[in-house]
Amino acid sequence: MSYLKGDHIFPEALLKEIQKYVHGEMVYIPISDGLRKGWGEKSGGRKLLNLRNDNIRQQFSEGMTLEQLADDFCLSYDSIKKIVYCKK
1 MSYLKGDHIF
11 PEALLKEIQK
21 YVHGEMVYIP
31 ISDGLRKGWG
41 EKSGGRKLLN
51 LRNDNIRQQF
61 SEGMTLEQLA
71 DDFCLSYDSI
81 KKIVYCKK
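Number 73 in my numbering belongs to position 73 of the sequence shown; there are no gaps in the numbering.
Just so you know, these hints were derived from the structure itself, not from any lab. Please read these numbers as outputs of a predicted model, since none were measured by experiment. Hints may contain errors.
[As the list claims (entries may be wrong)] Derived BS3-like pairs (lysine-lysine); straight-line CA-CA distance at most 25 Å:
#1 K87 - K47
#2 K37 - K47
#3 K47 - K81
#4 K20 - K5
Working from the sequences, and respecting the hints, build out all of it.
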């Protein structure tokens with residue numbers, strides 16, 4: 001996250017209005033909800049989890065047991081069960 005000087009980006013009237021509430025402090029302005037990326041979209045974490053979960057479902061459909069999958073993927077039995085039986 002980079003910092004920008006308020007007097008360089010805000011119109012003077014808006015800057016004076018902001019200064020009524022905050023004096024010389026740093027202010028974080030979040031991105032609009034409509035433009036915000038979901039969890040893991042930027043880093044690729046969501047894609048990796050989806051690929052892993054698809055792999056787990058595939059191996060389960062080929063006959064591996066929940067216990068074997070839990071051992072292979074280092075996840076709990078309950079986590080594997082949620083992945084396998086959730087509706088996608």
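Cross-check of the supplied hints:
Taking the CA atoms of K87 and K47, the gap is about 18 Å. The hint holds against a cut of 25 Å. Distance hint between K37 and K47 is fulfilled; the C-alpha atoms sit about 13 Å from each other, no more than 25 Å. Distance restraint check for K47 and K81: the Cα-Cα separation of roughly 20 Å lies within the 25 Å cut-off, and the hinted pair is therefore satisfied. Taking the CA atoms of K20 and K5, the gap is about 17 Å. The hint holds against a cut of 25 Å.
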